[in-house]
Amino acid sequence: MSSPASTSPSESTVSKDLATPRWLEPFALLGPAGIWLGLMLVIPALLIFELSLVPGIRPGEVVNPSGLENYFQIFREDVYRQVVWRSLGFALGTTAICLALGFPVAYFIAQMVPKKWRNLVLVGFVLPLWTSSLLRSYAWITILRPTGVLNSFLTSLGLPALDILNRPPAVFIGMSYSLLPYMVLILYASLEKLDRRLLEAAADLGANPLQSFWKVTVPQSLPGIAAGCLLVFITGLGDFIDPELLGGASSMTMARLIYNQFLGVTRNWGFGSALSMMIVLAVSLAIALLLKYGDRSSANL
Amino acid sequence: MSSRFVSRYSRRQFLKTSLAALSSTSLAGCGWTLAEVRSDRPQTSNSNELRIYTWSNYIDETLLKEFTAQTGVRVIADTYDSNDVMLATFQAGKGVAYSVVYPSDYAIAKMLDLKLLAALDKSRISGLENILGKFQNSIYDPGNRHHVPVSWGTTGLIYNSEKLNPAPEDWDYLWQNRNTLSRKMTLLSEPREVLGASLRAQGFSYNTTNPAELRKAYEKLADLKPAIATFTTDAWRDQLLAGDLLLAMGYSIDGVLVAQENPNMKYVVPKSGSSLWTDAMVIPKTAPNPEAAYAWINYMLQPAVAAQVTERLFFATPNQAAFDQLSTDLRDNQALFPPDSVVERCENLKPLPQKSEELIEKYWTKLTSS
Amino acid sequence: MSQTAMQNRRTTADTGFDVELREVFKFYGSEPAVRGIDLNIRKGEFFSILGPSGCGKTTTLRMIAGFESPSAGDLLIQGVGMNQTPPYRRPVNTVFQSYALFNHLTVAENVAFGLRLKKRSRREIEERVAESLKLVKMEKFSNRLPAQLSGGQQQRVALARALVNRPAVLLLDEPLGALDLKLRKEMQVELASLHRELGLTFVMVTHDQEEALSLSDRIGVMNQGKLEQVDTPDCIYEQPLTPFVADFIGDTNLFNGKIEGYHPNMLWVTTDRGLKMAVRPCDRGNAPTSGRVTVCVRPEKIGFSETQPTNSQVNWYEGRLRNVMYLGTHVHCQVQLQSGDYMTVRLPNNPAGIPAMDSLVYVYWPYQDCLALTSDLA
Numbered sequence: 026m027s028s029p030a031s032t033s034p035s036e037s038t039v040s041k042d043l044a045t046p047r048w049l050e051p052f053a054l055l056g057p058a059g060i061w062l063g064l065m066l067v068i069p070a071l072l073i074f075e076l077s078l079v080p081g082i083r084p085g086e087v088v089n090p091s092g093l094e095n096y097f098q099i100f101r102e103d104v105y106r107q108v109v110w111r112s113l114g115f116a117l118g119t120t121a122i123c124l125a126l127g128f129p130v131a132y133f134i135a136q137m138v139p140k141k142w143r144n145l146v147l148v149g150f151v152l153p154l155w156t157s158s159l160l161r162s163y164a165w166i167t168i169l170r171p172t173g174v175l176n177s178f179l180t181s182l183g184l185p186a187l188d189i190l191n192r193p194p195a196v197f198i199g200m201s202y203s204l205l206p207y208m209v210l211i212l213y214a215s216l217e218k219l220d221r222r223l224l225e226a227a228a229d230l231g232a233n234p235l236q237s238f239w240k241v242t243v244p245q246s247l248p249g250i251a252a253g254c255l256l257v258f259i260t261g262l263g264d265f266i267d268p269e270l271l272g273g274a275s276s277m278t279m280a281r282l283i284y285n286q287f288l289g290v291t292r293n294w295g296f297g298s299a300l301s302m303m304i305v306l307a308v309s310l311a312i313a314l315l316l317k318y319g320d321r322s323s324a325n326l
Numbered sequence: 530m531s532s533r534f535v536s537r538y539s540r541r542q543f544l545k546t547s548l549a550a551l552s553s554t555s556l557a558g559c560g561w562t563l564a565e566v567r568s569d570r571p572q573t574s575n576s577n578e579l580r581i582y583t584w585s586n587y588i589d590e591t592l593l594k595e596f597t598a599q600t601g602v603r604v605i606a607d608t609y610d611s612n613d614v615m616l617a618t619f620q621a622g623k624g625v626a627y628s629v630v631y632p633s634d635y636a637i638a639k640m641l642d643l644k645l646l647a648a649l650d651k652s653r654i655s656g657l658e659n660i661l662g663k664f665q666n667s668i669y670d671p672g673n674r675h676h677v678p679v680s681w682g683t684t685g686l687i688y689n690s691e692k693l694n695p696a697p698e699d700w701d702y703l704w705q706n707r708n709t710l711s712r713k714m715t716l717l718s719e720p721r722e723v724l725g726a727s728l729r730a731q732g733f734s735y736n737t738t739n740p741a742e743l744r745k746a747y748e749k750l751a752d753l754k755p756a757i758a759t760f761t762t763d764a765w766r767d768q769l770l771a772g773d774l775l776l777a778m779g780y781s782i783d784g785v786l787v788a789q790e791n792p793n794m795k796y797v798v799p800k801s802g803s804s805l806w807t808d809a810m811v812i813p814k815t816a817p818n819p820e821a822a823y824a825w826i827n828y829m830l831q832p833a834v835a836a837q838v839t840e841r842l843f844f845a846t847p848n849q850a851a852f853d854q855l856s857t858d859l860r861d862n863q864a865l866f867p868p869d870s871v872v873e874r875c876e877n878l879k880p881l882p883q884k885s886e887e888l889i890e891k892y893w894t895k896l897t898s899s
Numbered sequence: 293m294s295q296t297a298m299q300n301r302r303t304t305a306d307t308g309f310d311v312e313l314r315e316v317f318k319f320y321g322s323e324p325a326v327r328g329i330d331l332n333i334r335k336g337e338f339f340s341i342l343g344p345s346g347c348g349k350t351t352t353l354r355m356i357a358g359f360e361s362p363s364a365g366d367l368l369i370q371g372v373g374m375n376q377t378p379p380y381r382r383p384v385n386t387v388f389q390s391y392a393l394f395n396h397l398t399v400a401e402n403v404a405f406g407l408r409l410k411k412r413s414r415r416e417i418e419e420r421v422a423e424s425l426k427l428v429k430m431e432k433f434s435n436r437l438p439a440q441l442s443g444g445q446q447q448r449v450a451l452a453r454a455l456v457n458r459p460a461v462l463l464l465d466e467p468l469g470a471l472d473l474k475l476r477k478e479m480q481v482e483l484a485s486l487h488r489e490l491g492l493t494f495v496m497v498t499h500d501q502e503e504a505l506s507l508s509d510r511i512g513v514m515n516q517g518k519l520e521q522v523d524t525p526d527c528i529y530e531q532p533l534t535p536f537v538a539d540f541i542g543d544t545n546l547f548n549g550k551i552e553g554y555h556p557n558m559l560w561v562t563t564d565r566g567l568k569m570a571v572r573p574c575d576r577g578n579a580p581t582s583g584r585v586t587v588c589v590r591p592e593k594i595g596f597s598e599t600q601p602t603n604s605q606v607n608w609y610e611g612r613l614r615n616v617m618y619l620g621t622h623v624h625c626q627v628q629l630q631s632g633d634y635m636t637v638r639l640p641n642n643p644a645g646i647p648a649m650d651s652l653v654y655v656y657w658p659y660q661d662c663l664a665l666t667s668d669l670a
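Going down the list, the protein sequences come from chains L, S and W. 26 is the number of the first residue of the first sequence in this note's numbering; add one for each residue after it. 530 is the number of the first residue of the second sequence in this note's numbering; add one for each residue after it. 293 is the number of the first residue of the third sequence in this note's numbering; add one for each residue after it.
Take the hints with a grain of salt, since some may be wrong.
[What the hints assert, rightly or not] Take a look, some chain L residues computed to stay more than 10 Å from chain S by CB distance: (1) Leu54; (2) Leu55; (3) Leu117; (4) Leu154; (5) Ile166.
[Claimed, not checked] Residues from chain S shown here face chain L by an in silico Cβ test under 8 Å; the list is partial: (6) Asp613; (7) Ala751; (8) Lys754; (9) Glu886; (10) Lys895.
Treat the hints as calculated values from the structure; they're not laboratory data. On a predicted model such as this, the values are computed, not experimentally measured, just so you know. The C-beta atom is built at its ideal place from N, Cα and C for all residues, glycine as well.
Same shape as in the complex, but just chain L (with noise of 0.2 Å):
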């Protein structure tokens, strides 16, 4: 910054004045993207924290946040808390099914598959998403039903047939199936890099495979897992089709009880924001949580 000092000071005043000033540059390169941010996210999400904070409030009334009386109701009485327990025992057991399910798949195609194959087989993994959700849930139920598809099956090799639809375990059969794909092409994207050498390594010092796997494998794709785990978790959290169509009588979710509540009989919007953002809590302790062991992994990257 020598050579301002010889220009005469008007003229450095009419160059800094044309010039973006320095602090602006940030703004302008993320100006597109922060602004979508904030019209589809932050104040929508700002706007259901309000509404969430008016008990009782429907539409056409006017918005008056007075409290937290919405969320005092959710704890306050069971049901409500029976719904919350379900929906994260849902969301929590599918993503530990299509975890155990979705990794050895998701290693087989990225270690075992040979190249020239594996996106055929993986884009046959994704092809059930194309398909309706709905569709899905109807399809389990043609399966899953008292003289469905798997019980004549299971009846033509002389076993006990199976009660399992619109029970519990139903629900995690149909949000498995429907979440597994996700979880698959992510552990996929990270298995794909494992360093083969650091397998090599790991054998040359003495592991089986086993030992390789978990000593190495797993650690290794550890920010895959937890991606993939997060994803099928927040995913299962807002999914209502398959437990209402699969899980029986007592099927309530958080979801689906949102759902009520902005479209059902009472239309008690300001209950549902508070119901929404609990969600919005789980998730956001979810995504906290990856990001925790996210920095770690990321450190010894």
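Given the coordinates of chain L, work out where chains S and W should sit on it, guided by the hints.
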């Protein structure tokens, strides 16, 4: 030098204004109204285009094509699967695209409450005289000033007559035969219908606002619950036909369709009465093309059209002239057109005060979550 | 008892070789990567496998490590057949070219990896990890993550991680390939002293001839899946067995020609471009006495003068100086002979003594300093 001053000043001012705007819409918040519907600003649109918003089973290609052939107006039909979704669409301000909508009775009342509906100019409608007298004066819209009834039906039980003997005749049957029916019956996924059935089974009205009666209705249902496979409006059909279910609570229109598929499936309106529903055509205040809307209503009122639609889509028409044109088969179908003695015992679902609705909602949540 | 007997027999059968390869082949599909290798590596030896990229040297090392299994032939480590033994049951450890450190573990955890798998006691692990980190001068970094280390430091950790297991054989796959020149020289010195200190068998794969020459007890030069020569560094340099070895190791002037006459200790060769020269026959292996040969002369063995050499005991040729390359410690001169051949002559660092470009010069060398090898073209 002065230009710099101005630009900085205006930047600050801009910031201030936008902050103020932001806070007035979302942060400070006092005084804005939730989902205000701007009914005074109709959308203009192509006069050769009519958008209708209806139930998926109320229209088919033939119907739309014939209307276009008669009037030259192209029809775009969007569908919904519950009144609540339709209402939400309007409350979110997205209903302005439609010129004809098909609400069910209590939804008509709600739309009236929200001042969404235009009063009909009866001079522009012909064929109203064919509508049966009992549909001429709705409790939701006295004098039918805002709607034209297009179909009606009941809620009842659809059952497998091969396996259920004796056949169910009243709501009591569910409780009395709960062991036979255990996990082989479904109820509607509609709080008012399900609680209503329980109310009716105990001799109360579908439209009661008495908390004690509502509680009794809930308790009776809670008692039955272990035997209920699930609450569903649609998903029972295949299972009933396959024999996995023995009985489902459903609407007459579905009962008739299932019976068409398998004559062993029978639809019955419980003796002590059930709910009676009507679907109607209305024109929203915001209708972009009221001209075409009237043309559509007149078209649907033509006895020949109404009769054909009944034959093709199996929903009961309230149009006497159309009824007369139906085949005897259909006219004698008691599921589609129950005798007056049955209809007399049925009730329309009335809009309830907020307190009662909240109570119903709470019982429903309890019922479906415990 | 019978097992001990077996082991005894093994010990008695012990030939003093840590690694033995017998007629080992490796095919990838129908593509041969290794074509019949016979190799015995002695206990405590620093052995280098040297060759250009794609010659099969890494495949050979990977077979010893167990990441590949031979398509044919036998592989023995310490006298025990290892063809089907997985890597985790072999008494060898590898230092990988890319180091392959576990980035989710600290330096100490990386080094402890092998010992933990062997379920050693915590105390023993701690002691041995500290000891081997000290050996590679990394004791101060034990709590760092690999990402926080430089390339040279990662290299040391990789070494420590392998050595801590006290393998019978340490395999090194281009261990210094990723380091810059100065660091590489430093590490070479340390590798050499580690080898002296530990007395382990080292098997190193490298394409850097200087590294191989300076570190190894013996070198195996590989070309196109075959071992061309296995010898001590000086023999490899002074007495190459094949034109490939002569050409690959150091600088060489090569002439293709034909044997015209044969005396004990001396051959007469006429090159394809008509140069006649007296040549010492290769005194090892099956030295050619007739037919086509390749004559090789090292640049530093060649004399250089502006006057015609008078000594009749030397081969001498007239040529013109075409190019001079100053290389610091010495000077490379390119001389175009009258036959058209170019020769590289290495002169001591004395730029003042170099004649003008394109001037007439004479190159000469005694017959003992050039070697006739069976031609590749034969």
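Taking the hints in turn, this is what the structure says about them:
1. At the 10 Å boundary, the C-beta of Leu54 of chain L stays outside the reach of chain S, the nearest C-beta of that chain being 18 Å off.
2. At roughly 17 Å, the least C-beta separation between Leu55 of chain L and chain S is larger than 10 Å, which holds for a residue marked as non-interface.
3. Even its closest Cβ contact with chain S, about 18 Å, leaves Leu117 of chain L beyond 10 Å, as expected for a residue assigned away from the interface.
4. Listed as a non-interface residue, Leu154 of chain L keeps its Cβ farther than 10 Å from every Cβ of chain S; the least gap is roughly 21 Å.
5. Residue-level check failed: Ile166 of chain L sits 6 Å from the nearest beta carbon of chain S, not beyond 10 Å.
6. Annotation: Asp613 of chain S was flagged as interfacial toward chain L, and the flag holds, the nearest CB pair being 4 Å apart, inside 8 Å.
7. Interface hint status for Ala751 of chain S: violated, as the beta-carbon distance to the closest one in chain L is roughly 10 Å, over 8 Å.
8. Checking Lys754 of chain S against chain L: minimum C-beta separation of about 6 Å stays under 8 Å; hint holds.
9. Interface hint at Glu886 of chain S: satisfied, since its Cβ lies 5 Å from the closest Cβ of chain L, which is below the 8 Å cut-off.
10. Below 8 Å, beta-carbon pairs count as interface contacts, and Lys895 of chain S has one with chain L at about 5 Å; its hint therefore holds.
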